[in-house]
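Number of protein chains: 2
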Amino acid sequence: MASDEVKKVSLAVIRRLPKYHKCLGELLQKNVERVSSQELGRILGFTASQVRQDLNNFGEFGQQGYGYNVEQLYNEIAKILGLNTEHKMVIVGAGKLGQALAGYGDFERHGFKILALFDVNPNLIGSSIRGVPVHDMKDIIYFINENEVDIAVITVPRENAQEVADTLSQTLIKGIWNFAPVEVKAGPGVIVENVHLLDGLLTLSYRMNESRLTQKLKKIHEE
Amino acid sequence: MASDEVKKVSLAVIRRLPKYHKCLGELLQKNVERVSSQELGRILGFTASQVRQDLNNFGEFGQQGYGYNVEQLYNEIAKILGLNTEHKMVIVGAGKLGQALAGYGDFERHGFKILALFDVNPNLIGSSIRGVPVHDMKDIIYFINENEVDIAVITVPRENAQEVADTLSQTLIKGIWNFAPVEVKAGPGVIVENVHLLDGLLTLSYRMNESRLTQKLKKIHEE
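Which chain is which? The protein sequence lines are A and B, in order.
Counting in the working numbering, the final residue of the first sequence is number 223, and the numbers go up one at a time with none missing.
Counting in the working numbering, the final residue of the second sequence is number 1223, and the numbers go up one at a time with none missing.
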């Protein structure tokens, strides 16, 4: 039956949801009660029809001539994003990046609690980084299953990333957030989100290039 | 004149370019000489028509019935992304994240050379992290202009990020890559790319949620 089916929403739409969520949270803090698709689109840099189309994927939120109820839409999107439940995370790799993420307050504020870091380095095991204990990598399977950890963050070097993903696939983990600069694969039922840090830098480089070209052409036109 | 105009390409397309670039680089390493839009789309998870539409933004690359010349397309996209010129970078903030990025080999491999880290902490100033020297923040304007640095990476805490962007706006810098969890603004002519680390985690959380729902419905159907 059609009503029972979970509609497959495109990844592009999903990747825009956090932006809606953030924007609505900011409106909520300013005590804004309702917002039109035009206004939401203006803030986010989308067309109004794009906004309506995106949000229609998840049900009928808006009301014609009234717009969206900010608080309601904010809460609905939080629910869609799975933010109404607390997530338990571990970070695999207690190097600089792992330590940086352990101290990144934005995660905990959004319900992602970091329980522990894991490493193979005996100098790090037993220490604690911004209040987060560093455990021995050999205890990770037991720890994840025992504490019902649902997300593991991989911050180990490129050459160890797949091995870590294989180990994680033997646990009850549900999601892997991989920062190693290589795509990792995980067992069935485990969702992998690979971070591509370089992509942001390449986008910046393109935009700098484009802006330089535009300026050059402007100059030619002015001469 | 229309031919003189730089076509404004949508940011969504630009953000896909690094994925084309990466994929073509991998094909090139495997000595693949040509590739169809179907095949490129299959690897990247886009439709063939999306691939053709994306690449048409930048000129006529493909040839009907032949596909794309991998090496030529790879080089063209590299040029579009501004990868044919070396970029000089500095990292502002020598904390854990700054140190992690300084050691992230992927940037240098793609022509982004990190010249220095900057910090206000006297314990860090004068030291060197994986071969990259840490300088005093008060010297940053002189350093950037003298060394023709074009990109600055911001890895300072949220509350200092805008102040750093203001300082950078007084230099000849062309691009800012901001990792602080707050959107920063820069002066005219400076392109800002804000990194939203949390977005990736929210996307993962959504996909975990969606997969749970799908499994639950499957179970209901099977019962």
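Be aware that one or more of the hints could be misleading.
[Unchecked claim] Straight-line C-alpha distance at most 30 Å; calculated DSS-like pairs for lysine-lysine:
#1 B/Lys-1138 x A/Lys-19
#2 A/Lys-88 x A/Lys-113
#3 B/Lys-1185 x A/Lys-185
#4 B/Lys-1185 x A/Lys-19
#5 A/Lys-113 x A/Lys-79
Hints were generated in silico from the structure; no laboratory data involved.
Do the hints match the structure? See the list:
With a C-alpha separation of about 35 Å, the suggested pairing of B/Lys-1138 with A/Lys-19 is violated against the 30 Å cut-off. Simply put, A/Lys-88 and A/Lys-113 have alpha-carbon atoms about 5 Å apart, close enough for the 30 Å limit, and the pair holds. Note on B/Lys-1185 and A/Lys-185: the hinted pairing is violated, with a Cα-Cα distance of about 37 Å set against a maximum of 30 Å. Annotation: proposed proximity of B/Lys-1185 to A/Lys-19 holds, straight-line Cα distance about 18 Å (limit 30 Å).
At roughly 17 Å between alpha-carbon atoms, A/Lys-113 and A/Lys-79 fall within 30 Å of each other, so this suggested pair holds.
The structure does not agree with the numbered hints 1 and 3 stated previously, though it agrees with the rest.
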